[in-house]
Amino acid sequence: MTRITGVSRRQVLKGAGAGLLTSLAAPMVFSKGAWAQDFCNNPTGDTVTFGFNVPQTGSYAEEGLDQLKGYQLAVKHLNGEGDGGMINTLKPSALKGNGILGKKVAFVTGDTQTKTDAARDSARRMIERDNAIMVTGSVSSGEAIAVQSLCQEMGVIYMSGLTHSNDTTGKDKRRYGFRHYFNAYQSGVAIAPFLAQEYGRDRRAYHLTADYTWGWTQEESIKAATEQLGWETVATVRTPLGIGDFSQYITPVQNSGADVLILNHYGHDMVNSLPQAVQFGLRDRQVNGKDFQIVVPMFSELMAVGAGDAVKGIIGTSNWHWNLPDDGSKAFTKSYGEEYGAPPSQSSHTGYVQALLYADACERAGTFYPPEVIKALEGFEFDGLGNGPTLYRDTDHQCFKEVLVVRGNMSPTSKFDVLDIIGHTSRDEVTYDPAMFGGDLGPYDPNNC
Amino acid sequence: MFSLAKKDLLSLGVFALIVLAMPFWLSPLGAAYPALMQKLAIFAIFAVGFNILFGLTGYLSFGHAAFLGIGSYTAVWSFKLLTMNVVPAVVFAVVMSGVFALAIGYLSLRRSGIYFSILTLAFAQMSYSLAYSVLTPITNGETGLLLVQGDPRVLDALFAEPRQGLPVPTLLGLDMSGYAGFYFCAAMLVIAFYLSQKIFASPFGLALRGIKSNQTRMNYTGFNTRPYTLAAFVISGMYAGLAGGLLAVTDPLAGAERMQWTASGEVVLMTILGGVGTLVGPVVGAWLIKYLENIFSAFNESILQRFFSFLPDGLDTFVVTVTSKFVGDGWHLTLGLMFVLVVAFLPGGIMEGIHRIVRSFQRRGDREPDGSLKAQPAE
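From first to last, the protein sequence lines stand for chains A and B.
Per full-length UniProt numbering, residue 1 is the first one in the first sequence, and the count goes up by one each step.
Per full-length UniProt numbering, residue 1 is the first one in the second sequence, and the count goes up by one each step.
I should point out that these hints are in silico values taken from the structure, not numbers from a laboratory.
Glycine included, every Cβ here is placed at the ideal spot set by N, Cα and C.
Hints may contain errors.
[To be verified] One side only, chain B facing chain A, incomplete, derived with CB under 7 Å:
hint : residue
1    : P34
2    : G113
3    : Y115
4    : L130
5    : S133
6    : P137
7    : T143
8    : Q149
9    : G255
10   : S297
11   : A298
[Said to hold, decoys possible] Below, computed lysine-lysine pairings styled on DSS-like, alpha-carbon distance capped at 27 Å:
hint : chain 1 : residue 1 : chain 2 : residue 2
12   : A       : K76       : A       : K96
13   : A       : K96       : A       : K375
14   : A       : K69       : A       : K104
15   : B       : K325      : A       : K76
16   : A       : K415      : A       : K330
17   : A       : K76       : A       : K330
18   : A       : K69       : B       : K325
19   : B       : K80       : A       : K171
20   : A       : K312      : A       : K330
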């Protein structure tokens, strides 16, 4: 980012005249002082660069683009522009609103295309070319896990964005990876009492599951939670990511004897599968003498908007919602609304929060040296970022905070008012033993890129 | 056996120099960082191999990404099970993709033209689906195959204490992630290019060209073309396997999307953009596409805003709004536009453009009567 300022007006004019390719490439000239540094991308100038690596195309593009808006807002607030948002509500906070450790925050962006390969490519570009000190962002657990393991190899801290698979901070956890978002196990624990209360303990469930790490772990967690209620699992069917037409998967549900359909889908998948299930008349059916129900264990306001009327009355869980009454949520919703003219999604919230938490950890550690920053984040107890008292657990780098149970609003007053919060499951209830999911964090010692 | 014609030797030398000097001439273009240079070398290998099939025999395979993926998976498994040394990984990757190419080629080459293309596409989609979901225990599905701490690595365990953290692929103690990885890939590219030169210049290459120009006539003269096309298919499959193996060497991960049809389509684009049937063309095409993909997709509106800030107010927002559609997530639009222009005006690809320029300098006013190019020897 800074290197652009080194180009004079004359050079820019020359470049523009010389054609698109040359002109676009001209500002990329830079000299790399990679040899003198003691750790990967030690910021030597007066700026520090974050890498925002989110899907801007593919099944999860919408969530990714909104996450990017959250990151851009966070950079503004960290640099002391705008109204400061949640910097004012974070407690305890070492942030001063003048950048991080006196350096202004700059950023580079990349498109992960909702693919693990592209996500790693893009992250490597940020680290190797743009000298990013920290990489953050994801909407799929597949890309989060891939980038997290890359960052461990490179010795760069990775603050994951939206990733809900148990594996991210379980089987595939890394010393250099941190997750603020909740996970599938917590969704299962949070949603089960509400399912029992609304739909009873004698139900037969049919799962449609997105076929990758997140889908698998969510299916496993929800299955375990519902079976504990006394529900029976009729079948679990895997669907490929991003297929668009789910009719071939929905038809068998009708003859399976199941009376609940659980959609372990996210983003564009859920925006397609839920309305299609409703159009097939599933919710108007009576099976085993009960009304047929559909459950979407994890969903967000962007998906709810996308799914339209089909989402009314559907129960699920969320990490955060913009109309929460606490100061942090209010401050964030206000500054996001002023900036972009719409309420923020949980995707942009988790991105914003992760950027702030990293910056705060650097301030507290007094350095950008990754092992010290990691130690500052591990076991950090904070409040005021919209989720109530929250702990960054040291044993698996998972945040523990309360989980929201939400329901599609039956009579929305505006196009953003699509979800009702029907319950808060407390932090204690969703805390689990880190040994449950295995995995190994690995060493603190940084690999030098 | 290893000798080359003087002209070929010269072009090999120049080519090797250009490839190895990449860190220097790419740095003004903002592309001199290891990850991208590795990609440039690897995809050039992929395209050079693809050109042996498509450029010489005219058989258009729409399923070459399958071999790329097989190479990657094989290499990662070699890292997981045997050793982090890259030599076995690359050898296994080439052999394994060769075996698959033999099987797929044997079946697909029973048809030619569009039917061959569709068959290869079908096989590639099958491989993709298998890797994506059915063979999840082997491929780890959508997440991709990753190294983990607990992998056996039998040979490494015999000779050395495991180091702390995840191991990285090595060659003679050099880590293959940074510049060393690039030079390894670059050396492989030079070797691959040399082999392709040998094939172009050989009687075998001549037979392949014969198949391209008229297979029926070849058959009527009593020449059995099947083994030749199959050999070309297997060779180009092995090139793809080598590229896939190198992808895993520089970044030990294998994902199913490497085998998707879009990846197969990309190598077709590279070859056509650069120039089908020429030696250097596919390399140029691969570099151009990979470079633009990396550079354009990383642009965002704030970079554009700063870049066009010299324009008067109002106009700059307009220019930024228009250009932003062509960068970032919209860079495919740029690629499509470029492809359309090249195919419409330079059917022989960028190499044809270069030849036209060179010819216009060499003999002004001495054009062919119809203004067309004289048949070019392949480089």
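We went through each hint and held it up to the structure:
1. P34: holds, 6 Å
2. G113: violated, 30 Å
3. Y115: Because about 27 Å separates Y115 of chain B from the closest Cβ in chain A, which is outside the 7 Å limit, the hint is violated.
4. L130: Where the cut-off is 7 Å and the nearest Cβ of chain A is about 12 Å from L130 of chain B, the hint is violated.
5. S133: Holds, about 5 Å.
6. P137: violated, 12 Å
7. T143: holds, 4 Å
8. Q149: Hint on Q149 of chain B: holds, closest Cβ of chain A at ~5 Å, below 7 Å.
9. G255: Hint holds; G255 of chain B Cβ to chain A Cβ min 5 Å, cut 7 Å.
10. S297: Result: holds, 5 Å to nearest chain A Cβ.
11. A298: holds, 6 Å
12. A:K76 to A:K96: holds, 13 Å
13. A:K96 to A:K375: Holds, at about 21 Å.
14. A:K69 to A:K104: At roughly 18 Å apart (the allowed maximum being 27 Å), K104 of chain A and K69 of chain A satisfy the hint.
15. B:K325 to A:K76: holds, 24 Å
16. A:K415 to A:K330: holds, 19 Å
17. A:K76 to A:K330: At roughly 18 Å apart (the allowed maximum being 27 Å), K330 of chain A and K76 of chain A satisfy the hint.
18. A:K69 to B:K325: OK: K69 of chain A and K325 of chain B at ~18 Å, within 27 Å.
19. B:K80 to A:K171: Satisfied, since the Cα-Cα distance of roughly 17 Å is no more than 27 Å.
20. A:K312 to A:K330: holds, 25 Å
Hint violations for this structure: numbers 2, 3, 4, 6, all remaining hints satisfied.
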